[in-house]
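Engineer: Chains as they are written, first to last, in the working numbering: chain A, 1 to 333; chain B, 1 to 391; chain C, 1 to 95.
Possibly wrong hints are sitting among the right ones.
[To be verified] Output of the computed footprint for chain B on chain C, the stretches with three or more beta carbons under 8 Å from beta carbons of chain B:
(1) 5–19
(2) 24–31
(3) 41–53
(4) 68–77
Honestly, the hints are just simulated from the structure, not real lab data. Quantities reported herein were computed from a predicted structural model and do not represent experimental measurements. Glycine included, C-beta positions come from ideal geometry on N, C-alpha and C.
Given next are the chains, with one letter for each unit.
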Amino acid sequence: MRPIEAPPTFQGWKRPSGALGIRRHFLVIPSVVCAAQAARTAAEGAPGAVAIEHQHGCAQLGGDAHLTEQVLAGLGTHPNVAGTLVVSLGCETVQGAALHRSIAGRGQRAEFVGIQQSGGTIAAIAAGRQALERLRNGAASDLEVTLTWADLRVGIEAAWLGIPPAQARVFSEVIDRLLRAGATVMQAVSAGRDGPDPRWQQSARGSAGVVPRDATALPYAMPPAGRGAFFMEAPRSRIAQKTGLAAAGAHIILSPLVEGLPAGCPVAPVVHVGIAPHARPFAGDVDVMLDELPSAGAAEAVVAALGRACLEETALEALGDFEMAIHRIAPTM
Amino acid sequence: MDEILLYRRDRGWGTRNHVLVLPLVASASGVARAIARGTEAIWVGHDYEPTPEDLPQNRERIARTLAGFAANPNVAGALLIADTPERSALLDRIRAAGQRADLVVVTEAGGFRAAVEQGRERLTALLSGAAAARRERAPVGALVLGTECGGSDALSGITANPALGAASDHLVDAGGTVMLAETTELIGAEHLLARRAASPQVAEEIYTIIHRYEAVVRAHGEDIRGANPAPGNIEGGLTTIEEKSLGAAKKGGTRTIRQVVEYAVRPAAPGLVIMDTPGHDIEQMVGMVAGGAQVAVFTTGRGTPTGSAIAPVIKVATNSHTASRMQDNIDLNAGLILEGTETLETMGRRIYEAILAVAQGETTKAERLGHREFSISRYPFAVLDAAAAAG
Amino acid sequence: MSAARPAVLLLDARDTAAIALTPLQPGTPVEVRRGGETVRVVAETLIPFGHKIAVAAVAAGAPVIKYGEVIGVATAEIRPGQHVHVHNVRSDRAR
Numbered sequence: 001m002r003p004i005e006a007p008p009t010f011q012g013w014k015r016p017s018g019a020l021g022i023r024r025h026f027l028v029i030p031s032v033v034c035a036a037q038a039a040r041t042a043a044e045g046a047p048g049a050v051a052i053e054h055q056h057g058c059a060q061l062g063g064d065a066h067l068t069e070q071v072l073a074g075l076g077t078h079p080n081v082a083g084t085l086v087v088s089l090g091c092e093t094v095q096g097a098a099l100h101r102s103i104a105g106r107g108q109r110a111e112f113v114g115i116q117q118s119g120g121t122i123a124a125i126a127a128g129r130q131a132l133e134r135l136r137n138g139a140a141s142d143l144e145v146t147l148t149w150a151d152l153r154v155g156i157e158a159a160w161l162g163i164p165p166a167q168a169r170v171f172s173e174v175i176d177r178l179l180r181a182g183a184t185v186m187q188a189v190s191a192g193r194d195g196p197d198p199r200w201q202q203s204a205r206g207s208a209g210v211v212p213r214d215a216t217a218l219p220y221a222m223p224p225a226g227r228g229a230f231f232m233e234a235p236r237s238r239i240a241q242k243t244g245l246a247a248a249g250a251h252i253i254l255s256p257l258v259e260g261l262p263a264g265c266p267v268a269p270v271v272h273v274g275i276a277p278h279a280r281p282f283a284g285d286v287d288v289m290l291d292e293l294p295s296a297g298a299a300e301a302v303v304a305a306l307g308r309a310c311l312e313e314t315a316l317e318a319l320g321d322f323e324m325a326i327h328r329i330a331p332t333m
Numbered sequence: 001m002d003e004i005l006l007y008r009r010d011r012g013w014g015t016r017n018h019v020l021v022l023p024l025v026a027s028a029s030g031v032a033r034a035i036a037r038g039t040e041a042i043w044v045g046h047d048y049e050p051t052p053e054d055l056p057q058n059r060e061r062i063a064r065t066l067a068g069f070a071a072n073p074n075v076a077g078a079l080l081i082a083d084t085p086e087r088s089a090l091l092d093r094i095r096a097a098g099q100r101a102d103l104v105v106v107t108e109a110g111g112f113r114a115a116v117e118q119g120r121e122r123l124t125a126l127l128s129g130a131a132a133a134r135r136e137r138a139p140v141g142a143l144v145l146g147t148e149c150g151g152s153d154a155l156s157g158i159t160a161n162p163a164l165g166a167a168s169d170h171l172v173d174a175g176g177t178v179m180l181a182e183t184t185e186l187i188g189a190e191h192l193l194a195r196r197a198a199s200p201q202v203a204e205e206i207y208t209i210i211h212r213y214e215a216v217v218r219a220h221g222e223d224i225r226g227a228n229p230a231p232g233n234i235e236g237g238l239t240t241i242e243e244k245s246l247g248a249a250k251k252g253g254t255r256t257i258r259q260v261v262e263y264a265v266r267p268a269a270p271g272l273v274i275m276d277t278p279g280h281d282i283e284q285m286v287g288m289v290a291g292g293a294q295v296a297v298f299t300t301g302r303g304t305p306t307g308s309a310i311a312p313v314i315k316v317a318t319n320s321h322t323a324s325r326m327q328d329n330i331d332l333n334a335g336l337i338l339e340g341t342e343t344l345e346t347m348g349r350r351i352y353e354a355i356l357a358v359a360q361g362e363t364t365k366a367e368r369l370g371h372r373e374f375s376i377s378r379y380p381f382a383v384l385d386a387a388a389a390a391g
Numbered sequence: 001m002s003a004a005r006p007a008v009l010l011l012d013a014r015d016t017a018a019i020a021l022t023p024l025q026p027g028t029p030v031e032v033r034r035g036g037e038t039v040r041v042v043a044e045t046l047i048p049f050g051h052k053i054a055v056a057a058v059a060a061g062a063p064v065i066k067y068g069e070v071i072g073v074a075t076a077e078i079r080p081g082q083h084v085h086v087h088n089v090r091s092d093r094a095r
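Construct the complete structure from the given sequences, taking the supplied hints into account.
Structural biologist: Written out as structure tokens, the structure is:
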């Protein structure tokens, strides 16, 4: 394996909390599904504003409501986010005012708008637009910094754990390269009935070089304390995995396209590696296509694609395309 | 008024003439959005992704919700967006229901851009087909009304819900169908409903769906308070789920309960029916619309703006404070009952007349503001099934 | 008939609490017809709009009645005039 060349650098920003990010998103978070329309409309046309959508925030039992709040707070305090606006309805289980306080309490630039408090959605949207402008003005003072891999967290979806060994080896090598470069790697591992996917242990054992065999376990959507290799317990849903990795602070997400369609993430650029043969129709949509017999430089190409995503907007980001899903641990009431 | 003007379809009568772009899986939402952008078509998004661990009951529940939504008579034509060809079974199901529908399979189309192009072509054909539709004279009994309460307060059971109940009675008497739902918010009132069941079997089904929800809550070992009643309900004076339910049940009026249906299932015959849905506002509305509701009345105490992408939702406030503060989102004010300027009967009449006017084309505030909330209820009984399987 | 709107609403003669149709400041006297008689209570603390004020004593563990139906169980003794809500009533269902 060729040694890594001079470490690449990425332009980033230092947030008021001290976090370092590679994007300047202004995130609009509805604390409940009923506030999503107002959140979306407030974000429309506002430069850099990204409104997320989810189906929850109401009629959720205790632990499940807490998890939703944790995910939303994680997204709101994400290092790629320069400022967060929480839009609340007012009566919901996941209380918007508390979410706002939680996000602001972690040092993030944050604003709050309540629909019931404002007297309806039209007033709330107007207040939201003003709040976004205040966030933009505040963020102008964020320090521009130069980042290296050592400053970044890479989230990786679980799907590559089940692909043929020839292609899976590429992902093991990508993880090795990232860890050697000092990056923090969070590998989503979907749990079956009997615990985390056992293929994770097999893959970790089989890869050469730095092996994340001793990777630390992370609960879903929980940011890691410190650097290194982590595996995150996650559901099978790829979109919920992306959301969990993002809530844990992944700056970029590596998505093996083994089934289904490419999908972006609201706060972190997603780099799609198409796994042939399934991903062949998406040759024009993915960032790297992995043949059934990958070429020698495949892992390097993937790392380079990750680096490019740190530097510039991806095609999916330009389309404004992203999906979100929050893992549920209890049914709706 | 015995006749109103509605759109005639093979599968019933519609109050609207929408063309719908519907992603069958969450990851197809981006394609759906891109296809619908700039056109008169309506699209909805959701977060459902099939996984191998899906319970069969869940797969069926979700499939019939998507199919029922796309086949609702308010929809003139539906364009479905799928990831893989296996989903085409849903297209067949929707067509078999008498709906005009088409499908884009993104992997077959050759990627995102190709899928959007193909989708736009197919959408244009559906839009042309829809443009030819005209309203015709239809019986009032063709209406299927969804009833809902959200952001409830203590006044919900005193003003808006009983007034809606009076309107429900009018519609049932005229031969129409009224759906009473949100099973969680019937816990504590089920004995009052069971008394009005058309048969002992219907009465038993009422008890079954309510006890099922209670068992789910117990199995999770959590306090339902906070989920239901929600913090806003509690601030508004509702103390327990029983209190909330006794007020919520009034939405259904006083007529005989003909049938209990599962989530997103079409009632077999007109009359008052109970549909098993969660109290979650959006999941409930989607279930009723997927079951054929063409119009809804939604009462609210604290105020909520939500609607439905394909069915007009009439918002009725329980009190004048909310009606005036949130007038951008509220259509009618049942708080006038407390002021003394309306009675339950006159307010019930007002709501009934609004249902007929809205069914015939008058728009509601939620429609004008473009609300298109969409969320599918998952089968929540995995916990019970696992316990049962363990024996 | 009085020109002023009544301060409270009692839905059923069996109810142990009435609903405040206007916020009741502490010390406000309230009068309501319950069955054949007139009940007089004094608001012990602030009763917000829509909230319940006890019009009868309820022993701890005894049912609280509204709409003529059980809406929960008193978790402490409730005196007439007291605010009846989550601090002294719990649900009897889904637990």
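Engineer: Now tell me, hint by hint, if it's right for this structure.
Structural biologist: Hint check:
| no. | hint | in the structure |
| --- | --- | --- |
| 1 | 5–19 | holds (count 4) |
| 2 | 24–31 | violated (count 0) |
| 3 | 41–53 | holds (count 5) |
| 4 | 68–77 | holds (count 4) |
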